[in-house]
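Student: Just so you know, the protein sequences line up as chains A and B, in that order. The numbers in the first sequence follow our numbering, run straight up by one, and end at 284. The numbers in the second sequence follow our numbering, run straight up by one, and end at 1361.
A hint or two may mislead.
[Claimed, not checked] With a straight-line Cα cutoff of 20 Å, these simulated EDC-like cross-link-like pairs (lysine to aspartate or glutamate) come out:
| # | chain 1 | residue 1 | chain 2 | residue 2 |
| --- | --- | --- | --- | --- |
| 1 | A | K276 | B | D1052 |
| 2 | A | K273 | B | E1089 |
| 3 | B | K1101 | A | E272 |
| 4 | B | K1123 | B | D1088 |
| 5 | B | K1346 | B | E1313 |
| 6 | A | K27 | B | D1167 |
| 7 | B | K1256 | B | E1229 |
| 8 | A | K27 | B | E1166 |
| 9 | B | K1245 | B | D1046 |
| 10 | A | K276 | B | E1166 |
| 11 | A | K273 | B | D1088 |
| 12 | B | K1123 | A | E98 |
| 13 | B | K1123 | B | E1163 |
| 14 | B | K1215 | B | E1229 |
| 15 | B | K1346 | B | D1199 |
| 16 | A | K27 | B | D1286 |
| 17 | A | K27 | B | E1163 |
| 18 | A | K276 | B | E1089 |
| 19 | B | K1023 | A | E98 |
| 20 | B | K1123 | B | D1159 |
| 21 | B | K1023 | B | D1046 |
| 22 | B | K1215 | B | D1232 |
| 23 | A | K119 | A | E272 |
| 24 | A | K12 | B | E1146 |
| 25 | A | K276 | B | E1229 |
| 26 | B | K1245 | B | E1089 |
| 27 | B | K1123 | B | D1167 |
| 28 | B | K1245 | B | D1088 |
| 29 | B | K1256 | B | E1313 |
| 30 | A | K276 | B | D1088 |
| 31 | B | K1260 | B | E1288 |
| 32 | B | K1281 | B | E1296 |
| 33 | B | K1326 | B | E1341 |
| 34 | A | K273 | B | D1167 |
| 35 | A | K273 | A | E67 |
| 36 | B | K1123 | A | D110 |
| 37 | B | K1256 | B | E1266 |
| 38 | B | K1260 | B | D1286 |
| 39 | B | K1346 | B | E1296 |
These are calculated hints, taken from the structure and not from any lab test.
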Amino acid sequence: MKMYPSGTPSFKANLLIVWSEFVKNMKFLMAYPVLFVFWTIFPFFWFIPFIFQGQAFVGGLQSTSFEQFAGTPNYIPFVVIGAILNGYVLTSLYGVGESIRREAYRGTLDYLLSSPCNKAFILIGKAVSESINSTMYAAIQLVVGILLFGIEVTTGVIMPIVLIIFLLILGLYGISLMLAAVSLQFKQAHDLSHTLEYVFYIFSPVRYPLQSLPFWAQVLGRFLPLTYALLAVRSLMLLKQNILAIYQEIFLLFVLDIAAILLGFYLFNWMEKRTKSSGTISHY
Amino acid sequence: MAYDESSDTHSIQTINLTKSFRKKKHKGIFSFLKKGNEKEKSETTDITVALDHVNLKIRAGELFGLLGPNGAGKTTLVKCLSTILIPDEGTAIINGFDIRKQTTFVRASLGMVIGGERTLYWKLTARDNLTYFASLYKMPRKRIKERVDELLGIMDLLDRADERLEDYSTGMRQKVAIARALLHDPPVLLLDEPTLGLDPTFSRQIRNQIRELSKKEGKTVLLATHYMEEADELCDRIAIINEGKIVAVDTSDQLKAMVKETELVEVVCYNPPQDAEEYLKSLCPDVEIVTLVRGEEAKGAPSRIKLIGGNAEKRIGTVIDALRRKNTQIASLNISVPTLEDVFIKLTGAKLTEGGRGANQ
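Bound conformation, chain B alone (with noise of 0.2 Å):
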């Protein structure tokens, strides 16, 4: 489905939203006894920006992902979101409501999986935790224990329903947490990494609820990851997001084309030289982005370099005769199909799993 910039009906809208955090060095605790200067107080705070003048639209009923790395800016920009925390600058809408003056309605409109399940009542049960939550959103009494029923079971933990969470599985907890972002019916969900540390299992399963409440019960979704399969897998659109700014919006199709094929190669091997990236990046300047993923060799996995943007093709025969100078074994040699990893790579520059100021801390 296009997306129509000039559309009206978008649930989400942040407009020139910044927020940043100031934090303060820790200096020792006999600081106290060194004659200080006023330069040296003012270096006692840094000043860390969040998030960057960031303006998204996400239509109503859309399966919006934000991908970027540790530190990106996500979870701040759904904290925001859900008014847990005040922007410096600029507002967002939701569902109608200005985040800044309408912030009950705000809430209403809202549910949130932010934390995981760590954000729960271990000592108490499913039941008794999703009770809890849904008299918060003013629910009648009935309406509450009937949808608290119908959740479980979607959920698929009607038979465990009384027992503590501290019984069960993080998967199962982590349902629980979804569950109660659903207990209002709210037109507008923002999960943040819902599917961190779960098993393939549970991954899948949440992955497809996911996709459930958008597309079958038209719920507007922001999918904050940094798993670009399930970016990829799941979402209409995709903002690429690092040090706070939006660096790119569209399909995830249309992100993939900003990378050619014949600017992506792939050089599978074994033994490649510590320094790969720089000495291969100083044999090719005119490719533009050379990275190493290093394999467990040991255990048969390979490593894997690289070369994005140029003309990365025409380097292969450079690169090979390189490698082989520097005793590197050569697997197989790919031009490879980009994925969302390689667009992330060509825009900021930095691994979308190593990448980001979180990364970098």
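Bound-form chain A, shown alone (with noise of 0.2 Å):
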């Protein structure tokens, strides 16, 4: 008798459960359109209020005292990064967890789970679904960057923000198990999303330079992906530093993209167990 899977599981295999679940969420997205508008538009009307804001204050798009927080005067590019990077944070956090209760809602979630395969291939496929997302997002935005607010992008910075970006895509991936954690147990993260949209804003370096928190925000700031994420690519971007520069915020990165992920398993794989204890896991 023949039966799948064989035993032995190959990494072709579990490439080909990432793959059909991106191929999956692709098509979803292909079926509501409407879905790319909204996200390619949302990131501008975001950050736009900022540019304003930052005009109101300083009198210009340049200010010496932001300078002295952030070691540039210019104030638009600064948003413009921080509305790129943050761009991931979002569909990171609205996605996977999200995602999780839609599979219930739909009545799917059951065979997906009473599916031989290890389950993480098929939150790793959503993730990269999202990353894949935020990355044509991302791309859009940083185009209009460079059209409008005269952002420069050399040759030598693409390969250290593409891996700065990996880095960072690692640690939402940990945070969005987490999310897909609670979304098991409370059947709702959408909640919990928009309370972490809101730590992001504030403790990370988004909107404003990490020094102009107070010192315990700044602690908090340093804990999440994002600020070190942030930091490195304006390192690169707007103060000209190369790689070597910005060893210190990729080696934390890297520390908090493991801790996350191997927390989120951890998470996953309890809610999951106490939810099929508890016959609420089909619940939504």
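Assembly of the complex is requested from the two constituent chains, each provided in isolation within its own frame, with the hints serving as guidance.
Tutor: This is the structure we're talking about:
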């Protein structure tokens, strides 16, 4: 009798799970094309008020007092980079956790959980879909940033930025796993995502430099992967530093990634077992 | 085929499988303002025993029915076997693998249909759905394509394979759900109410396919249903489940033999009294159970009163006199051939179509 799986999990088979999940999510996105429009326009709506606000406060697009904190007088490129990287946070926070809830609502979650594959690959597939979406939107934003706001991108910074974004995505994947776990137990991760969204806004240097926060808030911000990603990317793009100057940020981002992923997996497995025991796993 | 209890070729064996659920009572949004004592607090949680030390042995290749009303524990049993729920006590062995310790191999051995047509991606096509779910079974890509085409052909869906499921009928979606269960060619199938909500044509098609899966392909099928005709027509053996307990297991004929023909009288009538069940039971105390199923008399469908067990046949005269006194028009009176419903009523005291916790809640 032929039985799948053969008992030896293969890299190729796991890659196919990630790919199938990605294809499925892309087809859903195609089924609702208005989402493309929303997610492309929304990040601009988000940072445009800060441009006007900045102009109102400092009377132009540059500020010497801003420079004391940020190391650059240019406020707009600072905010545009914040908005682009924060886009990854938004899609991660609202992506994977919500997607688990939607699977339960559709009635498909039982079938995902009763399949013999490692569920981590399904979740990776969901995270990859979110990351590719985010990268698409980020690319659009970056092009607009270059054309309208004079953001400069040199070829030398592209690879380091790709590495930093990859590390940011890993950390966010860990947070997504935690939200998926919350979604299994409480059936509603949206409010928590919304709260976390503001935690990132406040404690990460998205709209303002980290140094402008009180000390305790700066310490809190240092526990968020976005903080290191923003510090590193701005150092490369705005302060024209090289990758050696940001090795500390990259190392700490990597450490946070490992911690978030381990905690995420632990929480997800724990919640899966707990909800299978309580009988609430299929509830939504 | 006689069932051999000592046979070691069981595809499914449950051993004292037990599962309870805690349900919180909703006391109202201002309940926190009330002064509560410890007793009140302890009453906020109900415990429902969904499966109570269930022991079953299902032979390889057998088409085994699990018959019971809504809320009897059928779906909970299927979910425990498919590892979606973790039992509180006991375990089960599927295809030689323990559901507690060897979950990956249990899952690879199973195909299931549970929850019906709702459990598919309606925004995707039938082909997309099947291709996606096949990938979760680590099938090679080439084999996925071949198998998906093969199953779409078997289900007679090839010409509409690339349409979204939202444009399918309920019966067509259910066919896709069954095809999904067969993707990895599992030796064991768990089917939970596979014909629920289908019209007679699709029901017949699905039943024929279930029969073929068991008889031609040798798959072990656990069919959970509350349709007695379905269990009667398809299953080699049937377990009757009520309130989480298996109350009888045997072939359909043997189960029906539990109700002797002399123990079953059916009165077809119009305008029976409201309290017909209690009234006739008080007049015939030696009859075990009296049931009344009201027909839509305005549309010409008569009501049916059944007397089951004891000396029902000897009480015919008493029943006719009693009903006439209550102005009931008797259309016919039969000493009936027992059905599985009668067996269920005799064993549990409840009606299959109305009984069980699910129906009472």
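Student: Hint by hint, say whether it matches the structure.
Tutor: Here is what the structure says about each hint:
1. As the CA atoms of A:K276 and B:D1052 are separated by approximately 18 Å, the hinted pair is consistent with the 20 Å bound.
2. A C-alpha spacing of about 15 Å is found between A:K273 and B:E1089, which places the hinted pair at or below 20 Å, so the restraint holds.
3. This hinted pair checks out: B:K1101 and A:E272 have alpha carbons roughly 16 Å apart, not beyond 20 Å.
4. Under the criterion of a C-alpha separation no larger than 20 Å, the hint pairing B:K1123 with B:D1088 is inconsistent with the structure, at around 37 Å.
5. For the given pair, B:K1346 sits about 16 Å from B:E1313 by alpha-carbon distance, which is consistent with the 20 Å threshold.
6. Among the hinted pairs, A:K27 with B:D1167 is consistent with the structure: their alpha-carbon atoms are about 16 Å apart, no more than 20 Å.
7. A distance of roughly 13 Å separates the Cα atoms of B:K1256 and B:E1229; the hinted pair therefore holds under the 20 Å criterion.
8. Using a Cα cut-off of 20 Å, the hinted pair A:K27 and B:E1166 holds, with the two alpha carbons roughly 14 Å apart.
9. A hinted pair counts as satisfied when its Cα atoms are at most 20 Å apart, and B:K1245 with B:D1046 qualifies at roughly 19 Å.
10. The suggested pairing of A:K276 with B:E1166 is violated, with an alpha-carbon distance near 30 Å, which exceeds 20 Å.
11. Using a Cα cut-off of 20 Å, the hinted pair A:K273 and B:D1088 holds, with the two alpha carbons roughly 12 Å apart.
12. Taken as a hint, the B:K1123 and A:E98 pair is honoured in the structure, with Cα atoms around 17 Å apart against an allowance of 20 Å.
13. For the suggested pair B:K1123 and B:E1163, the alpha carbons sit about 9 Å apart, so the restraint of at most 20 Å is met.
14. This hinted pair checks out: B:K1215 and B:E1229 have alpha carbons roughly 19 Å apart, not beyond 20 Å.
15. Between the alpha carbons of B:K1346 and B:D1199 the distance comes to roughly 30 Å, so the proposed pair goes past 20 Å and is violated.
16. About 66 Å separates the Cα atoms of A:K27 and B:D1286, which puts this hinted pair outside 20 Å; it is violated.
17. For the hint linking A:K27 to B:E1163, the alpha-carbon distance of about 13 Å falls within 20 Å, and the restraint holds.
18. Only pairs whose Cα atoms come within 20 Å are accepted, and A:K276 paired with B:E1089 is accepted, the gap being roughly 14 Å.
19. Taking the CA atoms of B:K1023 and A:E98, the gap is about 25 Å. The hint is violated against a cut of 20 Å.
20. The straight-line distance between the Cα atoms of B:K1123 and B:D1159 is roughly 18 Å, inside the 20 Å bound, and the hint therefore holds.
21. This hinted pair checks out: B:K1023 and B:D1046 have alpha carbons roughly 5 Å apart, not beyond 20 Å.
22. Between the alpha carbons of B:K1215 and B:D1232 the distance comes to roughly 16 Å, so the proposed pair stays at or under 20 Å and holds.
23. With a CA separation close to 10 Å, the supplied pair A:K119 and A:E272 stays within the 20 Å bound.
24. About 18 Å separates the Cα atoms of A:K12 and B:E1146, which keeps this hinted pair within 20 Å; it holds.
25. Restraint check for A:K276 and B:E1229: not satisfied, since their Cα atoms lie roughly 33 Å apart, outside the 20 Å limit.
26. Restraint check: the Cα-Cα separation between B:K1245 and B:E1089 comes to about 14 Å, which is no more than 20 Å; the hinted pair holds.
27. Only pairs whose Cα atoms come within 20 Å are accepted, and B:K1123 paired with B:D1167 is accepted, the gap being roughly 9 Å.
28. About 15 Å separates the Cα atoms of B:K1245 and B:D1088, which keeps this hinted pair within 20 Å; it holds.
29. With a C-alpha separation of about 17 Å, the suggested pairing of B:K1256 with B:E1313 holds against the 20 Å cut-off.
30. A distance of roughly 11 Å separates the Cα atoms of A:K276 and B:D1088; the hinted pair therefore holds under the 20 Å criterion.
31. This hinted pair checks out: B:K1260 and B:E1288 have alpha carbons roughly 13 Å apart, not beyond 20 Å.
32. Simply put, B:K1281 and B:E1296 have alpha-carbon atoms about 24 Å apart, too far for the 20 Å limit, and the pair is violated.
33. This hinted pair does not check out: B:K1326 and B:E1341 have alpha carbons roughly 27 Å apart, beyond 20 Å.
34. Distance check on the hinted pair: A:K273 and B:D1167 sit about 36 Å apart at the alpha-carbon level, beyond 20 Å; violated.
35. Taking the CA atoms of A:K273 and A:E67, the gap is about 51 Å. The hint is violated against a cut of 20 Å.
36. With a CA separation close to 18 Å, the supplied pair B:K1123 and A:D110 stays within the 20 Å bound.
37. Distance restraint check for B:K1256 and B:E1266: the Cα-Cα separation of roughly 16 Å lies within the 20 Å cut-off, and the hinted pair is therefore satisfied.
38. Only pairs whose Cα atoms come within 20 Å are accepted, and B:K1260 paired with B:D1286 is accepted, the gap being roughly 15 Å.
39. The hinted pair formed by B:K1346 and B:E1296 fails the criterion: a straight-line CA distance of about 25 Å is larger than 20 Å.
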